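*Asks:* Note that the protein sequences, when read in sequence, are chains A and B. For the first sequence, numbering that gives the first Met the number 0 assigns the number 0 to the initial residue and increments by one for each residue that follows. For the second sequence, numbering that gives the first Met the number 0 assigns the number 0 to the initial residue and increments by one for each residue that follows.
Just so you know, the hints here were simulated from the structure itself, not pulled from any lab data. Treat each hint with caution, since some may be false.
[Stated by the list, open to error] Derived DMTMM-like pairs (lysine to aspartate or glutamate); straight-line CA-CA distance at most 20 Å:
1) A:Lys219 with B:Glu443
2) B:Lys234 with A:Glu56
3) A:Lys59 with B:Asp68
4) B:Lys444 with A:Asp182
5) A:Lys93 with B:Glu443
6) A:Lys91 with B:Glu443
Note that the coordinates shown come from a computational prediction; the quantities given were computed from them, not determined experimentally.
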Amino acid sequence: MLNVRLFDLTTLLLGAASVNYIAALYGKKDTLARVGTWICIIAAVVSTAAIGVRWAESYKMGIGRIPVTNLYESLVFFAWSINLFYLIVEWKYKSRTFGAFVMPIAFFTMVFAFTNESSIQPLVPALQSYWLHAHVITCFVGYAAFAVSAGVAVMYLLKAKREEAKEEGGVIGHFPSTKALDDLVYRSIIWGFPFLTVGIITGAAWANYAWGTYWSWDPKETWSLIVWLVYAAFLHARITRGWHGRRAAILSIVGFLATIMCYLGVNLVLSGLHSYGGS
Amino acid sequence: MADDKRTKSTMDKVWDFFTSLKLAITVLIILAVASIFGTVIEQNQPMEKYQHVYTDASVRIMDALNLFDMYHAWWFLLLLMLFTVNLSCCTIDRLPRVVKVVRNPKTTLDEGLEKSLGMVDRWKKKGSMDVWADKYSEIMGKTIGKPLVTRNSETIHLYAETGVVSRFGVYVTHTSIVIIFIGAIVGNVFGYKGYVNIPEGGTIRQVPTRGGTKPVDLDFAVRCNKFSLTFYNDKFGNPTQQPKEYASDLSIFENGREVLRKKIVVNDPLQYKGVWFYQSSYGPTGTATAQVLAMDPAGGPPANLALAAGQKVDLPGYGAITGMDYQPNYQGAGPALLVVLEKQGQPSAEIWLPQGKPDSDRKRNDRYFFSFGGLSQGFFTGLQVAKDPGVNIVWVGCTLMVIGIMIAFFMSHQRLWVRLTPSADGRVDIVVAGSASRNRLAFEKKFEKIQEDLKAVAT
Ligand code: HEM
Chain A
0 MLNVRLFDLT
10 TLLLGAASVN
20 YIAALYGKKD
30 TLARVGTWIC
40 IIAAVVSTAA
50 IGVRWAESYK
60 MGIGRIPVTN
70 LYESLVFFAW
80 SINLFYLIVE
90 WKYKSRTFGA
100 FVMPIAFFTM
110 VFAFTNESSI
120 QPLVPALQSY
130 WLHAHVITCF
140 VGYAAFAVSA
150 GVAVMYLLKA
160 KREEAKEEGG
170 VIGHFPSTKA
180 LDDLVYRSII
190 WGFPFLTVGI
200 ITGAAWANYA
210 WGTYWSWDPK
220 ETWSLIVWLV
230 YAAFLHARIT
240 RGWHGRRAAI
250 LSIVGFLATI
260 MCYLGVNLVL
270 SGLHSYGGS
Chain B
0 MADDKRTKST
10 MDKVWDFFTS
20 LKLAITVLII
30 LAVASIFGTV
40 IEQNQPMEKY
50 QHVYTDASVR
60 IMDALNLFDM
70 YHAWWFLLLL
80 MLFTVNLSCC
90 TIDRLPRVVK
100 VVRNPKTTLD
110 EGLEKSLGMV
120 DRWKKKGSMD
130 VWADKYSEIM
140 GKTIGKPLVT
150 RNSETIHLYA
160 ETGVVSRFGV
170 YVTHTSIVII
180 FIGAIVGNVF
190 GYKGYVNIPE
200 GGTIRQVPTR
210 GGTKPVDLDF
220 AVRCNKFSLT
230 FYNDKFGNPT
240 QQPKEYASDL
250 SIFENGREVL
260 RKKIVVNDPL
270 QYKGVWFYQS
280 SYGPTGTATA
290 QVLAMDPAGG
300 PPANLALAAG
310 QKVDLPGYGA
320 ITGMDYQPNY
330 QGAGPALLVV
340 LEKQGQPSAE
350 IWLPQGKPDS
360 DRKRNDRYFF
370 SFGGLSQGFF
380 TGLQVAKDPG
390 VNIVWVGCTL
400 MVIGIMIAFF
410 MSHQRLWVRL
420 TPSADGRVDI
430 VVAGSASRNR
440 LAFEKKFEKI
450 QEDLKAVAT
């Protein structure tokens, strides 16, 4: 299918962009990073086209729907959101150093998508709901913001450590100031948090519409709540003295790890831990 | 007296504990970590299952800690309660102060305030104070809001603000959490969840509830007129095994009269008098029968046969026919039935009857030819039944939460002061100061712009 071909191309582009950004950081060559930006823009165009094509192809197959309904589609949508979110950040903050820490997340997401079943399947009755679309889209935009935040949090920790040691120069010397990084960690989360909140609520509304219970403490739901709680803790840590900076950055990273657990771990890890089949 | 003071200070300490943000962060993290257990240990399974997986000792410990139903365990509910008390105390502690600050804004820029503000600028102008004050009021009115003018002795103060609501976003968010909890409690106390099977044509008036000992009496009756199951077609238009829709045609009867009828599917339930019916499962009742027509090529009236699997049906004076096998997609041409025909004195014959070709058997040139009209199967539908009078409270809470978060994050209380005083050299001393409750960077730009506008204007 054409859409899958285009997504494969996106994977290559995001990989190339990651390499450029990392090389630019080590070689201190801004031209390389600028090339990285252009590759990201092309990847954004190609992946947007791919989503559109996949949408159209699903209609041609007589099962038309927004492509956000299975693991493959959610992964590519996630990568698409990270890429877009990243480009906005780069443009607003006028720094290309973030790319080395954010783009690889998008790239590995696409690589993982590549290993998954990519054909367009008709929807089972339980998934035929507009709530599903709203749910997936909001959740993944939120996750993308958290991914950017965690990438920047890693930069913050590296930079803060370097500043503490009173060292100058080097790759890390090129990073924006800790103040700017701390601010961006926070700013990404205040975009991600409302989206995740709406994501959880639309998920609950969907569950209520499909089964008559908006909350049943199943592992997926519970993990989304855990993610939400971690970021709520982050938001309150930010306004408490002594919890700024380092601890907030660590919470952002923990939050993103919880996000990955919620998204993939629940399906991949927990069914193994359950010993007696998934729930 | 001394005693009094001590009790007050313990009270204060308790209050400080319950209003502290540290407690909030701690409880949030403990809730997050605790919740993990319930996702790793499968919840609400029969005891034998746990004994199968864990050692006896761990089962005993986990059971004592209620880890097999932990989200309803006393300690988890206690945590939620602590969380709610913390949240409520915090609100009670802070909200009145915020209201006070908002209702009595500091409308004059004194020196103390000026020192505390990050954004301050000053300049001098020739001319009359009143004229400048009017000019500046006009400009402020265009960018941030019509200013309040205060004159004391020689000084003129201008004060304008915007986005006051942003101060309340946090409290809307926090209150929404309490509202959601209330909704959940109302649902648990006054509602029920149940499950019921209704065979096609059957009617129910009671629903067995989950966890309840007695079924709930409905004050109406529900009949399942029909259950239907459809499959997706493949690209040749033949049905596949992938289910496309589970649907139940339901009717509600009150006093023997049908008051409502609706076809429900997954994700589209039926609601009557606060009770919701959700399509949840289905199953066969009895065995399937194949509808077969025995037709007379000479044009006589056809005979309708219902063949149950493996059961012989006699056709007097002709022979017997038995339905042997059914395939939903026989040789890629859709559903077909395999029958065995036994006629006296002849070997039995196996014939495939494709549903799509009713005339295919005519070529045998016999007294009868057979045509397969489809399988007919009785079903029961399985319905989740829920009554939850708290659910709308929960949705109100959710909506408020989103609104509250948006206000808290994306609005900012911006304030601008201008002070005009006569200068010793006969000109006018002008001080401009601003503050924003959040997103200072954005406000700094706005402040610079306002300041430039103010400086640029001429009398
Ligand atoms: C999961 C539950 C909670 C959520 C979603 C939540 C949400 C929020 C949000 C969005 C803010 C604004 C943060 C900011 O301005 O950056 C905030 C601030 C705050 N929250 Fe919470 N909160 C929760 C629990 C709590 C609890 C349990 C307390 C108990 C003390 C609390 C106390 C506060 C305080 C004191 C502020 C600062 C208010 C201010 O800026 O004046 N929150 N909360």
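*Asks:* Could you run down the list of hints and mark each one as holding or not?
*Replies:* Taking the hints in turn, this is what the structure says about them:
Note on Lys219 (chain A) and Glu443 (chain B): the hinted pairing is violated, with a Cα-Cα distance of about 43 Å set against a maximum of 20 Å. For the hint pairing Lys234 (chain B) with Glu56 (chain A), the CA-to-CA distance comes to about 13 Å; that is within 20 Å, so the pair holds. In summary, the hint linking Lys59 (chain A) to Asp68 (chain B) is not supported, as the alpha carbons are separated by about 47 Å, beyond the 20 Å threshold. Between Lys444 (chain B) and Asp182 (chain A) the CA atoms are separated by roughly 17 Å; this keeps the pair inside 20 Å, and the hint holds.
A distance of roughly 18 Å separates the Cα atoms of Lys93 (chain A) and Glu443 (chain B); the hinted pair therefore holds under the 20 Å criterion. For the hint pairing Lys91 (chain A) with Glu443 (chain B), the CA-to-CA distance comes to about 16 Å; that is within 20 Å, so the pair holds.
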